[in-house]
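*Asks:* Here is what each chain is made of, one letter per residue.
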Amino acid sequence: MITAGIDVGLENLKIVILKDGEIIAAGSAPSGGGKRGKRVAELWEALLKEAKLSRGDVNKIIATGQGKTDVGFASDKVVEAVADAHGARFLYPSATSVVDIGADQTRVVTLGEGTRVLEVVLNQKCAAGMGLFLTRMAGRLDMTLDELSGINADGNTGLRVNDTCRVFAELDALGWLNRNASREEVARAVIEMVAVRINAILNDKIKPAINSTVLFGGVSRNSALVSALRRRSGINFLISDRAEYGCALGAAVLAAE
Amino acid sequence: MNEEFGRWSESRWTSREIDWKRAKQITAGVDVGTTSTQAAIICDGALFGSASIHTGYDFKMAASQAMEQALGDSDMKIQDIQYIVATGWGSQNVPFAQKTVDEVHCHAWGARFMFGPDVRTVVDLGAQTCKAIRVYSWDRVRDFMINDKCATGMGRDIELMANLLEIPIQEMGERSLEVEKDPEPVSTTCSAFADTEAIGLFREGYSENQVLAAYLFAVAWRIYGMVGRVRPEKELAFTGGLAKNVGIVKRLEREMGITPLISQYDPMLAGAIGAALIGRDIMAEI
Numbered sequence: 001m002i003t004a005g006i007d008v009g010l011e012n013l014k015i016v017i018l019k020d021g022e023i024i025a026a027g028s029a030p031s032g033g034g035k036r037g038k039r040v041a042e043l044w045e046a047l048l049k050e051a052k053l054s055r056g057d058v059n060k061i062i063a064t065g066q067g068k069t070d071v072g073f074a075s076d077k078v079v080e081a082v083a084d085a086h087g088a089r090f091l092y093p094s095a096t097s098v099v100d101i102g103a104d105q106t107r108v109v110t111l112g113e114g115t116r117v118l119e120v121v122l123n124q125k126c127a128a129g130m131g132l133f134l135t136r137m138a139g140r141l142d143m144t145l146d147e148l149s150g151i152n153a154d155g156n157t158g159l160r161v162n163d164t165c166r167v168f169a170e171l172d173a174l175g176w177l178n179r180n181a182s183r184e185e186v187a188r189a190v191i192e193m194v195a196v197r198i199n200a201i202l203n204d205k206i207k208p209a210i211n212s213t214v215l216f217g218g219v220s221r222n223s224a225l226v227s228a229l230r231r232r233s234g235i236n237f238l239i240s241d242r243a244e245y246g247c248a249l250g251a252a253v254l255a256a257e
Numbered sequence: 001m002n003e004e005f006g007r008w009s010e011s012r013w014t015s016r017e018i019d020w021k022r023a024k025q026i027t028a029g030v031d032v033g034t035t036s037t038q039a040a041i042i043c044d045g046a047l048f049g050s051a052s053i054h055t056g057y058d059f060k061m062a063a064s065q066a067m068e069q070a071l072g073d074s075d076m077k078i079q080d081i082q083y084i085v086a087t088g089w090g091s092q093n094v095p096f097a098q099k100t101v102d103e104v105h106c107h108a109w110g111a112r113f114m115f116g117p118d119v120r121t122v123v124d125l126g127a128q129t130c131k132a133i134r135v136y137s138w139d140r141v142r143d144f145m146i147n148d149k150c151a152t153g154m155g156r157d158i159e160l161m162a163n164l165l166e167i168p169i170q171e172m173g174e175r176s177l178e179v180e181k182d183p184e185p186v187s188t189t190c191s192a193f194a195d196t197e198a199i200g201l202f203r204e205g206y207s208e209n210q211v212l213a214a215y216l217f218a219v220a221w222r223i224y225g226m227v228g229r230v231r232p233e234k235e236l237a238f239t240g241g242l243a244k245n246v247g248i249v250k251r252l253e254r255e256m257g258i259t260p261l262i263s264q265y266d267p268m269l270a271g272a273i274g275a276a277l278i279g280r281d282i283m284a285e286i
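Quick note, the sequences are listed as chains A and B, same order. The first sequence begins at 1 in my numbering and counts up one residue at a time. The second sequence begins at 1 in my numbering and counts up one residue at a time.
The set of hints was computed from the structure by calculation and includes no laboratory data. Ideal Cβ positions, reconstructed from N, Cα and C, are used throughout, including at glycine. There could be a bad hint or two in this list.
[Stated by the list, open to error] The calculated DSSO-like cross-link candidates involving lysine-lysine, where the alpha carbons are at most 27 Å apart (straight line), are:
1. LYS38(A) / LYS77(A)
2. LYS35(A) / LYS99(B)
3. LYS19(A) / LYS60(A)
4. LYS49(A) / LYS38(A)
5. LYS60(A) / LYS77(A)
6. LYS60(B) / LYS38(A)
7. LYS49(A) / LYS77(A)
8. LYS181(B) / LYS149(B)
9. LYS125(A) / LYS149(B)
10. LYS181(B) / LYS35(A)
11. LYS207(A) / LYS125(A)
12. LYS99(B) / LYS181(B)
[Unchecked claim] Label pairs and their computed distance ranges (CB to CB):
13. MET61(B) / GLY155(A): 19 to 29 Å
14. ASP80(B) / ILE239(A): 52 to 62 Å
15. SER207(B) / GLY234(A): 23 to 33 Å
Please build the complete structure, drawing on both the sequences and the hints.
*Replies:* And the structure:
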């Protein structure tokens, strides 16, 4: 049985191809706004080629993510929270919740028995776009995302930026640069802001368990943020090397059921 | 995300005609913005050199690089400039300036130089702030308005949108005007909501150009609300980086019913040119 999951996000799209419970191909590409339909098709063809498959070999394709309606060739669609649940269960059978931090949305999904979803908490409107904010601030500080990820998030210097609004936070960060704070100090303040904002979502309803919470989404690759979030929330997140593909993987797992 | 799409091009120019060694007065202005930094050199009332570059994260370095580029390949040295005025968000980071002056006056006087003495309303459309300034026919600012806190950084947001949509920032305005009819503008309360809301419109079946139109209309609408509060007169000039975005400018013109004045100069230079001119006035008083 060969299935695929396609997650079309605000910033990036991800595709996972699954064969009998094993990932045989995975890839991502920028969504490109209105070009995302075309981008999905291109990445899909490339992955099929890589896995030496033809379209007919794939039994079922499920699309998810905010651009899921743009995957014309998908057999079905699924909401992101359900995909998260399936992806987490697949990677960590004893997981109890999933935190998915993407470019746009942050979700906390509490798992029930099997792949049942007990509760979903989404970010408040003002906390949207945390991933985008990190990308943007890295650009502003002339750092790559890897460099931003590599800073020591625990070396507190007392420098803070507004932790309610990312527009004000950016303004504060620029203000610190103007007062000749170092890039690293400003980056640390930005990371802390995102950690505060996400931790607030974690504390919104059912608090995720300390040792069985899975972290998904592109932001999971930012180690500085993960470390700050761990310090604030006390949660030792389970982070797979496929964390960015969690939602796409979940869609592929669901397609196999 | 490919950051090349949101990158606007830098510029520099230095006169080959002006013999600066015979000039009586040489002054310069440096306008350090959050996103771009400009420098302008004025010799006896004429523009001798100018530069517009990306600010980056080091404001001091941006200020000195812009100054160097404005001097260009002329043999003028920074020591030959008699008076330097700094302005803009990072004005205190120009160690070689003798004085800092507020942005409102610099933009007003810069616009008068660039667009002619008839200018009565100056709308500065920057990356960080938007300002509407009304001036008297003599050298005095009559009234001004600055955007409210939530509308801050609209200019920078456009760079992010260009990257997300993978549409070069220089083409956004033109393309947004290709729609037959403007769609409803996206959320006009918050610049952060505007991005995600605009991308969300693809789910409604919007084309790229329609999304651009809804987004830029929202930006123009916010600015329009602010400009209205100074009761603009028809001798109006747009300055700043967003003045190069026809998608914003044309929509503002339509809403205000005003055809703005035009200028041969880059609208981004207004602050720096104004600062250099104010430097000249200060010298005359000393």
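*Asks:* Hinted pair, alpha-carbon criterion (27 Å max): LYS125(A), LYS149(B). Please report holds or violated.
*Replies:* 18 Å, holds
*Asks:* Given the range 19 to 29 Å, decide if the beta-carbon distance of MET61(B) to GLY155(A) lies inside it.
*Replies:* Check passed, 25 Å falls within 19 to 29 Å.
*Asks:* Need the status of pair LYS60(B), LYS38(A): alpha-carbon distance at most 27 Å?
*Replies:* With a Cα-Cα distance of about 44 Å, the restraint between LYS60(B) and LYS38(A) is violated, given a limit of 27 Å.
*Asks:* Would you mind confirming whether the straight-line C-alpha gap from LYS49(A) to LYS77(A) stays at or under 27 Å?
*Replies:* 24 Å, holds
*Asks:* Do the beta carbons of ASP80(B) and ILE239(A) sit within 52 to 62 Å of each other?
*Replies:* For ASP80(B) and ILE239(A) the Cβ distance comes to about 59 Å; the hint holds.
*Asks:* Decide if the proposed pair is consistent with the structure: LYS99(B) and LYS181(B), CA atoms, cutoff 27 Å inclusive.
*Replies:* The given pair, whose Cα atoms are some 48 Å apart, is violated under the 27 Å limit.
*Asks:* Is the Cα-Cα distance between LYS60(A) and LYS77(A) 27 Å or less?
*Replies:* 11 Å, holds
*Asks:* Verify the proposed pairing of LYS19(A) with LYS60(A), using a straight-line Cα cut of 27 Å.
*Replies:* 11 Å, holds
*Asks:* Decide if the proposed pair is consistent with the structure: LYS207(A) and LYS125(A), CA atoms, cutoff 27 Å inclusive.
*Replies:* At roughly 20 Å apart (the allowed maximum being 27 Å), LYS125(A) and LYS207(A) satisfy the hint.
*Asks:* Hinted pair, alpha-carbon criterion (27 Å max): LYS35(A), LYS99(B). Please report holds or violated.
*Replies:* The given pair, whose Cα atoms are some 49 Å apart, is violated under the 27 Å limit.
*Asks:* So if I understand the rule, the pair passes when the alpha-carbon distance is 27 Å or less; does LYS181(B) with LYS149(B) pass?
*Replies:* The hint is violated at about 30 Å.
*Asks:* Starting from LYS181(B), check that the Cα of LYS35(A) is at most 27 Å away, please.
*Replies:* Judged against 27 Å, a Cα distance of about 22 Å means the pair holds.
When held up to the earlier numbered hints, the structure conflicts with 2, 6, 8, 12 and 15 and fits the remainder.
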